[in-house]
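K.L.:
Protein chains in written order, with my numbering: chain A, 1 to 990; chain B, 1 to 492; chain C, 1 to 213; chain D, 1 to 174.
Just so you know, these hints were derived from the structure itself, not from any lab.
Any given hint could turn out to be false.
[Stated by the list, open to error] Each pair of labels, with its calculated beta carbon distance range:
{"hint": "1", "chain 1": "A", "residue 1": "F148", "chain 2": "C", "residue 2": "T165", "range": "32 to 42 Å"}
{"hint": "2", "chain 1": "B", "residue 1": "L294", "chain 2": "D", "residue 2": "D44", "range": "47 to 57 Å"}
{"hint": "3", "chain 1": "B", "residue 1": "P233", "chain 2": "D", "residue 2": "D44", "range": "50 to 60 Å"}
[Claimed, not checked] Taking lysine-lysine and the DSSO-like style, the derived pairs with C-alpha atoms no more than 27 Å apart in a straight line are:
{"hint": "4", "chain 1": "B", "residue 1": "K195", "chain 2": "D", "residue 2": "K49"}
{"hint": "5", "chain 1": "A", "residue 1": "K107", "chain 2": "A", "residue 2": "K616"}
{"hint": "6", "chain 1": "B", "residue 1": "K38", "chain 2": "B", "residue 2": "K195"}
{"hint": "7", "chain 1": "C", "residue 1": "K150", "chain 2": "A", "residue 2": "K72"}
{"hint": "8", "chain 1": "A", "residue 1": "K913", "chain 2": "C", "residue 2": "K168"}
The structure displayed is predicted, hence computed values, not measured ones.
A virtual CB, placed ideally from N, CA and C, is assigned to each residue, including glycine.
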Amino acid sequence: MSDPLPKYWQSLAERASDPGFLTQAQDEFAEPLPVGVAATPPDANSRRDFFKLMGLSAAAAMVACQRAPVQKIIPYVARPDEVTPGLALWYASTCNGCSARCGLLLKTRDGRPIKVEGNDEHPVSRGGVCAVGQASVLSLYDASRARFPTRDAKRVAWAELDADVTQALREASDAGQGIRVVLPWHLGPTAEAAVKRFLAAYPTARTVRDEPLGELAAIAEAHRVTHGVHAVPDYRFDKATVIASFGADFLGTWVSPVAFTRQYTEARDAAGQRKMARHYQVEPMMTLTGAAADRRFVVAPSELRLVLADLVRRLAVKAGRELPGLPSAPPLTLEESAKEELAEALWAQRQGALVVAGGDDVATQVLVNAANALLGSEGRTVSLADGTALDADALSLEALLTELRAATVGAVLFLGANPVYTDPRGEELAALLKQVPLTLSTSDRRDETVVHVGLHAPEPTALESWGDAEVRRGVVSLRQPAVAPLHETRSAVESLLQWAGAPQPHYDFLRARWEAEVFPQAGGVSFSAFWDDALRRGVVLLPVPLAEAPAFREEGLAKAWKGAARPPGEWELVLYPTVAVRDGAPANNGWLQEVADPITKATWGNPACIAPARAKALGLKDGDVVKVRAGDRTVSVPVLVQAGTHPAVIAVPVGYGRTHAGRVANGIGVNAYPLTAVREGRARHAVPGVTVEATGARQPLALTQTHHRLEGRPHVREAELAAFLANPRAGNEVQAGHGGGGHSLSMWSGHEYNGHRWALAVDLSACTGCSACVVSCQAENNIPSVGRDEVLRRREMHWMRIDRYYQGDEANPQVVHQPMMCQHCENAPCETVCPVLATVHSSEGLNQQVYNRCVGTRYCANNCPTKVRRFNWFDYPHDEPLERMVLNPDVVVRSRGVMEKCSLCVQRIQETKAAANREGRPLRDGEIQTACQQSCPAKAIHFGDVNDPDSQVARLAKDGRAFRLLEELNIGSSITYLTKIRNTGSGSGA
Amino acid sequence: MSHQHLSSLREPLVTEPRTLGQLTEEICAPMERPPTWKWWVAFGIAVAVLGTGAGIVGYQVATGIGVWGLNKTIGWAFDITNFVFWVGIGHAGTLISAILFLFRQKWRTSINRAAEAMTLFAVMCAALFPVIHMGRPWLAFWVMPYPNDRGSLWVNFRSPLLWDVFAISTYFTVSAVFWYVGLIPDLATVRDRAKAGLRKAVFKVMSLGWTGSHRTWSRYETVYLLLAGLATPLVLSVHTIVSMDFATSVIPGWHTTIFPPYFVAGAVFSGFAMVLTLMIITRVVLGYEHLITLRHLENMTKIIIVTGGLVSLAYATEFFIAWYSGNPYERFAFMNRAFGPYAWAYWIMVTCNVVSPHLFWFKKIRTSPAAIFALSLVINVGMWFERFVIIVTSLHRDFLPSSWAMYTPTMVEVGTFIGTFGLFFTLFLLFVRVLPIISIGEVKSVLGFARDGHEAPQHPPAKPVAEEPHPVAHRPVAAVPLAIATRKDAPV
Amino acid sequence: MKDASTRIPCRALAAGWLGPLAALALAGCSGPVNNQQGYMPEQPVAFSHAVHAGQYGLDCQYCHVGAEKSRHAGVPSTSVCMNCHTQVKTDSPEIKKVAAAVAENTPLAWVRIHRLPDHAYFNHASHVGAGLECQNCHGPVQEMVRVEQKEPMTMGWCLDCHRETAAKQVSAPPPSAPRSGELLALSSGVPAPEPLKAPRVLQPPTDCSSCHR
Amino acid sequence: MSAPVLIGYFDSEAQVLDATRAVREAGFVLHDVYTPYAVHGLDDAMGLKPSRLTWVCFGGGLLGCTLALSLQLYTSVVSWPLNVGGKPFNSFPAFIPVSFELTVLFAALSTVAAFLLRAKLFPGSRRSVLPRVTDDRFAIAVAPREAPSELDAAEDLMRRHGAVATDLLEEVAS
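Take these sequences, add in the hints, and give me the full structure.
P.N.:
Put into structure tokens, the structure is as follows:
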């Protein structure tokens with residue numbers, strides 16, 4: 001595939017060498033016109049160039065009266081009924097970004113999906129969407145996607161491909177050779193049905209389940225051991241009164257982070273419920289979840305299981321139970337008091353407690369099950385009955401490799417799996433695939449696995465295809481396409497049905513299955529009415545009969561003790577998924593690459609985290625490249641000195657170093673998957689006994705924040721739960737003025753705001769820092785991704801960022817996240833200094849930035865005390881025609897040389913106001929939602945009219961927890977922050 | 001009628017006094033001769049630097065401000081540093097001309113013309129930066145208030161940048177007018193010396209028909225005095241307003257009331273340093289040692305000691321106030337200046353601006369042109385760093401630690417700065433070639449004072465004067481051979 | 001006798017001082033760049049608004065369907081023409097062009113006349129909802145055989161109307177869109193929402209972000 | 001009018017001062033004195049009144065200040081009042097710098113313009129210049145009242161006060 005222009009130029013030289021730069025056609029503030037009123041593509045004499053020349057030319061006055069070039073209007077020949085140019089259509093759907101399957105609303109304008117929002121009616125995700133879900137709309141327009149099926153990298157027709165596949169499958173089947181379908185765990189019931197039909201068609205066919213990080217597999221396997229069910233339970237953090245997590249990043253990446261974040265926030269709503277679940281986190285490295293924890297203990301990865309075993313032993317003692325073969329605790333680095341505190345806290349709450357663990361270790365999960373069983377929380381905070389069963393008959397990747405080595409496999413089909421990249425045995429797999437007669441992948445791009453298979457039958461993205469999901473028993477959601485497939489692609493379900501000899505469109509298959517299986521459960525008269533309603537809502541709640549979950553069995557427990565000794569070796573490697581790029585599947589996405597990791601604040605790469613003490617001892621600084629050796633594999637990676645990391649740990653994110661993901665992700669970061677250990681046939685992402693050596697090379701890190709301490713400044717305020725319950729202003733006593741005592745002295749009397757007055761309230765207690773809002777803002781407001789070089793120059797363009805500060809001991813600091821956007825100051829320092837009135841105040845209290853008036857002095861940004869203004873240093877690329885489709889036509893694209901910043905989603909304010917006006921009614925509180933607010937899984941952001949005394953924002957602004965930034969400057973910020981409440985004290989709040 | 005009293009102890013302002021005619025000859029001769037190879041070399045270098053700078057600016061305008069090293073936190077650095085630096089340089093010219101004129105400091109006469117020219121050229125260099133630092137410089141005209149079809153969207157008169165627009169353009173205009181008015185009599189002198197031809201035609205137009213009429217001289221003196229009186233507060237206001245770019249902001253390290261006097265003192269300080277730099281070169285190259293005497297240089301070094309002291313006091317006061325205010329952001333900003341990542345720049349500034357001027361307490365240094373020259377360069381460097389320190393160290397770490405960042409200039413920024421020196425020296429070298437760089441009329445009047453108090457020593461004229469009839473207007477006059485006959489008469 | 005200096009002082013003075021001033025004034029006077037007032041290009045089909053909207057009195061929104069609910073009034077899809085012209089004047093060469101376009105499924109490329117710069121947001125629905133006649137901005141289109149831009153359509157022109165309307169306290173016409181609950185009330189007998197107490201007084205915004213965002 | 005003018009040339013400031021005073025005391029009409037630089041005391045000697053340009057300067061400044069304030073008030077308060085940083089439309093203190101600058105600008109430009117107009121200085125002036133008066137020579141021009149005999153008397157007077165040459169011109173411009 002040819003890339004006419006690199007989306008992210010790597011250097012200025014590269015950009016400068018673009019010969020067409022000055023004459024390149026680009027409209028100033030170009031707004032792609034909707035299909036119904038399409039304009040001709042701007043020609044070489046666009047207005048901006050015209051101005052450029054005019055400004056530089058001495059003959060300015062003479063040419064100023066020239067007319068602009070002719071534009072054409074291309075109307076539809078026949079307009080589809082539902083499309084009115086200029087009006088958005090929303091489709092309820094289900095996310096396919098990870099196994100969580102959150103409910104979505106897809107916004108389309110003139111036939112193009114332009115924004116992903118959460119579906120408030122979805123009972124699990126409840127309106128939240130994570131960064132990956134938000135970014136999926138950009139992946140839809142990814143220019144690196146496969147556009148047609150191929151055989152040996154050459155284009156073929158679908159019919160031809162189908163003929164090939166069917167024949168090869170038949171031959172393999174006839175020869176008794178295995179047919180192996182490599183799949184992820186969660187496909188959704190309908191897709192599973194299609195798989196079953198395929199397996200039924202070919203007796204030698206079996207599934208191989210591959211999940212890059214093995215977390216679900218470990219949980220399901222542990223439940224097979226302890227409960228006899230191969231399933232992942234439904235976790236209910238909202239019902240928990242104390243939470244203990246052993247390395248599970250359940251707010252960031254583990255199982256269903258969006259749903260868990262909302263549940264977690266509710267369990268910890270100190271202001272609303274006057275109580276707060278205490279959260280213990282035991283982990284080897286700082287995760288998003290650890291950053292939110294009240295009590296955090298840093299242990300080595302190899303110690304996690306030991307600490308957990310010790311906990312189980314203590315709980316058993318408290319419960320007065322004898323567990324077979326319980327050894328006495330080996331010596332641990334974790335103090336006795338901490339271990340006892342943890343056990344005591346959990347035991348005090350018993351059924352309200354919830355113990356979870358991350359990682360791919362089955363024994364650890366077995367211990368977790370034991371702990372939950374001892375506490376009696378099964379069926380309450382963790383419910384196996386409401387969980388999802390996973391394919392129990394699936395082969396492991398190791399089994400597939402064994403078969404391949406024995407040459408007993410006749411066909412391998414990869415459906416949404418990329419093991420050549422994600423598995424340490426990928427190289428061997430790739431080599432073995434060569435001898436298999438039929439190899440095929442349905443990946444949406446020519447990825448690392450596709451290059452080693454013969455046939456490529458590309459799938460459309462989730463936004464172009466049908467599907468369904470059941471994330472909790474009785475919660476069934478539909479995925480419907482928001483746009484017809486952009487390319488010559490076909491969904492894997494349709495392909496499987498085709499190859500199974502039962503060709504049927506995906507839609508028909510889905511609808512038929514729903515009619516046969518879902519509708520009877522839901523009850524009702526008319527299926528078509530039920531179906532239409534299901535499509536409209538996106539989710540169906542089925543009545544759930546009482547189910548008895550199998551009980552905990554102690555058999556497997558003894559096995560979990562084994563191998564408890566801490567392995568030798570100086571370093572332990574932890575391979576972990578980041579909040580943005582996860583296992584690497586969505587890597588080719590500029591929004592995800594550029595959103596800063598909530599903890600490390602790194603973009604465009606995967607630096608290895610090491611502990612500050614260790615870094616000091618070794619003389620390593622941020623950006624020093626080290627060589628990590630695990631067995632015979634080595635990877636060179638720059639280090640990042642990360643507070644809260646265990647001194648023995650080097651933690652490297654996976655998902656980077658892609659070679660065949662596309663032009664955005666290729667070559668960004670290093671691929672850490674090869675360092676994964678393989679033990680007992682399983683890929684293990686905690687690798688003890690690695691060596692780390694400095695290379696002396698340096699590779700600067702593209703960080704968006706380089707100073708991590710507040711320097712004693714009161715920008716973030718927090719209080720202990722007990723103190724807060726006693727005094728709602730606790731922690732918030734620091735008032736304006738350098739020495740206290742707020743002042744409202746001013747030379748001026750200010751302006752009155754008689755109508756609306758918009759404001760935000762941000763709850764620091766709820767915010768986990770997950771950064772979904774950052775990506776949502778980027779999508780809504782046409783914010784460019786600027787690339788690694790520009791981030792290195794500290795020029796990221798995000799209108800909204802999340803400041804992350806550390807307090808206390810850098811070995812295990814307390815963390816606070818502060819979403820930071822334009823504060824819409826009443827007395828805005830930026831406005832006063834703009835010479836051309838490009839930024840002034842609106843009558844509704846907004847600090848407006850008028851891009852087309854801006855001449856770009858940057859004085860406003862200098863004078864902004866919160867540094868939220870962003871300058872267009874260059875014309876950031878919006879030149880890939882496909883990727884331009886994602887632009888929001890209600891927001892202009894800014895040209896170079898102008899300042900931009902958060903507008904509080906003024907386009908949404910106006911759209912909703914205009915709608916209310918047309919209906920002749922007043923606005924309702926909560927009717928307008930900013931993009932950041934909408935996507936926030938924790939519902940930490942509230943928008944509204946402070947002039948309306950009944951609005952939530954007005955109430956929050958008067959709350960005891962409310963404070964505003966830099967009040968002593970008398971800037972009159974419109975953004976209210978609410979103090980962060982922690983529950984670290986012993987026993988007072990739980 | 002009598003002249004004002006002059007002490008007999010007073011040293012002559014112009015040594016080796018000579019006749020009026022010799023003086024005219026001496027000042028005008030360099031510009032009437034073909035340029036020397038030295039001039040050509042210097043001019044060639046200056047034009048090359050200017051051309052390179054223009055190319056760099058063109059690249060920047062075509063590509064975007066991104067070619068500079070600025071970022072989301074540091075929105076100004078080299079650009080505004082250079083702007084303030086050049087505006088500061090531009091201060092001494094009008095100050096020497098206007099304030100010293102009002103204070104009747106007759107010693108100004110040898111240096112005021114060149115100093116004023118320096119002002120103009122420096123202000124040109126300075127004015128370049130506010131334009132090219134814009135993201136969209138082709139829209140720079142939007143800072144002017146003019147009626148338009150945007151509902152008549154005007155400009156923000158509350159913005160210090162807009163004040164700057166008015167201050168800098170007024171300063172440039174008034175300085176140019178002041179300079180030009182001062183030039184008119186000398187232009188007439190050059191006109192009357194020139195043979196018919198292009199030179200004569202050009203100077204004829206430029207001298208506006210000046211005849212030396214005393215009725216005009218009398219009004220001229222009034223105008224000159226008025227302009228001096230207007231220029232003096234103007235000079236002070238310009239740097240005051242420039243300082244308000246910072247002082248009216250909210251950024252710790254910028255938001256201080258001491259800035260106006262501090263900036264004015266700094267500007268005078270740096271301006272005099274630049275005048276010294278240029279004058280020392282000029283007097284050597286053009287052989288003006290007797291016109292720009294050691295006494296001139298020494299007087300200027302004394303001003304440098306005073307203004308250097310003022311600047312030092314300002315530095316100290318800033319620190320004191322930062323501590324005394326109790327404002328933690330202020331305190332941090334100043335600690336960060338002195339001990340933060342840009343401490344090296346701060347200590348360069350202190351060394352150059354606080355320590356080095358004190359060397360002028362030594363007479364030996366004060367009277368050694370080479371030493372003065374070296375120190376003037378040191379002070380210029382120091383004053384550049386002062387602006388850099390104020391701008392960059394205040395911005396790079398302000399209120400929210402999350403946004404703290406570092407700044408490193410790019411070659412484009414350095415190149416642009418060097419390019420402005422090309423512009424400055426190109427203009428200055430042209431000025432040296434085409435206009436009398438010393439005010440002939442004023443030096444003549446000073447010569448009169450000198451001559452009245454001291455018996456003029458006899459000495460041969462500097463150079464034989466061509467035996468050609470002096471041009472006498474366009475109307476032939478019958479009885480003027482005498483005029484030529486008395487040309488070489490001994491002084492009366 | 002008169003010296004040259006006393007003969008022509010006025011002319012010379014004028015040449016000396018006013019010349020450069022005049023040059024400056026000329027250079028500074030640049031007309032509104034986006035003002036296409038009077039623009040009347042030829043269209044691919046000689047469609048006459050005078051006939052359709054004038055003579056036959058077709059409602060503007062019969063063809064421009066988006067005007068009431070969307071930011072775009074919308075140019076009608078080609079098939080809309082064929083609603084009538086499958087029967088009417090089918091032999092006209094202009095109609096044949098349209099019919100051919102429909103048959104070939106290729107859209108007609110009309111020349112855009114009224115256009116605001118990309119950085120100016122304009123919403124037809126808000127203006128139609130506020131009771132503005134199309135002619136207020138588009139001129140007497142029903143009299144135009146070939147459409148031309150009548151009004152300057154500059155920012156100042158927009159603002160003048162917004163300011164005047166605000167000053168005059170004009171009331172909005174009754175809402176065009178059904179209010180929440182109204183349709184439900186019609187079909188199911190649920191109590192209808194409260195009737196509007198008073199017509200809304202138009203508050204045309206003059207905030208920058210109303211149009212620039 | 002073509003009355004001849006008598007020119008006397010002098011070599012020094014002192015002589016020309018003496019001669020001027022003498023010519024005027026003798027009752028001759030002093031047309032003008034031409035000098036290469038501004039000779040102090042010559043105003044007295046010629047009996048010139050103080051210039052009224054100071055008033056022009058004051059008026060210009062007043063005009064500039066008024067215009068500046070009116071412009072700022074009109075644009076910020078009347079034409080399109082905008083809420084800038086919460087400051088009132090009439091942010092008077094912020095209007096002072098521009099008012100000051102325009103005051104100075106108008107004062108300076110109007111003074112110089114008035115001077116140039118009054119002194120009839122303009123580009124393209126073709127006025128004749130006496131030889132060497134812009135170099136090292138001083139000249140007194142006497143406009144005779146009546147007969148040529150007067151001219152002789154005047155010439156004699158100037159010669160006595162040190163004139164190195166005299167000349168008779170039909171007319172010179174002042």
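K.L.:
It remains to establish, for every hint, whether it holds in the given structure.
P.N.:
Going through the hints against the structure:
no. : hint                           : result
1   : A:F148 with C:T165: 32 to 42 Å : violated, 55 Å
2   : B:L294 with D:D44: 47 to 57 Å  : violated, 36 Å
3   : B:P233 with D:D44: 50 to 60 Å  : violated, 30 Å
4   : B:K195 with D:K49              : violated, 37 Å
5   : A:K107 with A:K616             : violated, 50 Å
6   : B:K38 with B:K195              : holds, 26 Å
7   : C:K150 with A:K72              : holds, 19 Å
8   : A:K913 with C:K168             : holds, 22 Å
Violated hints for the displayed structure, listed by number in ascending order: 1, 2, 3, 4, 5.
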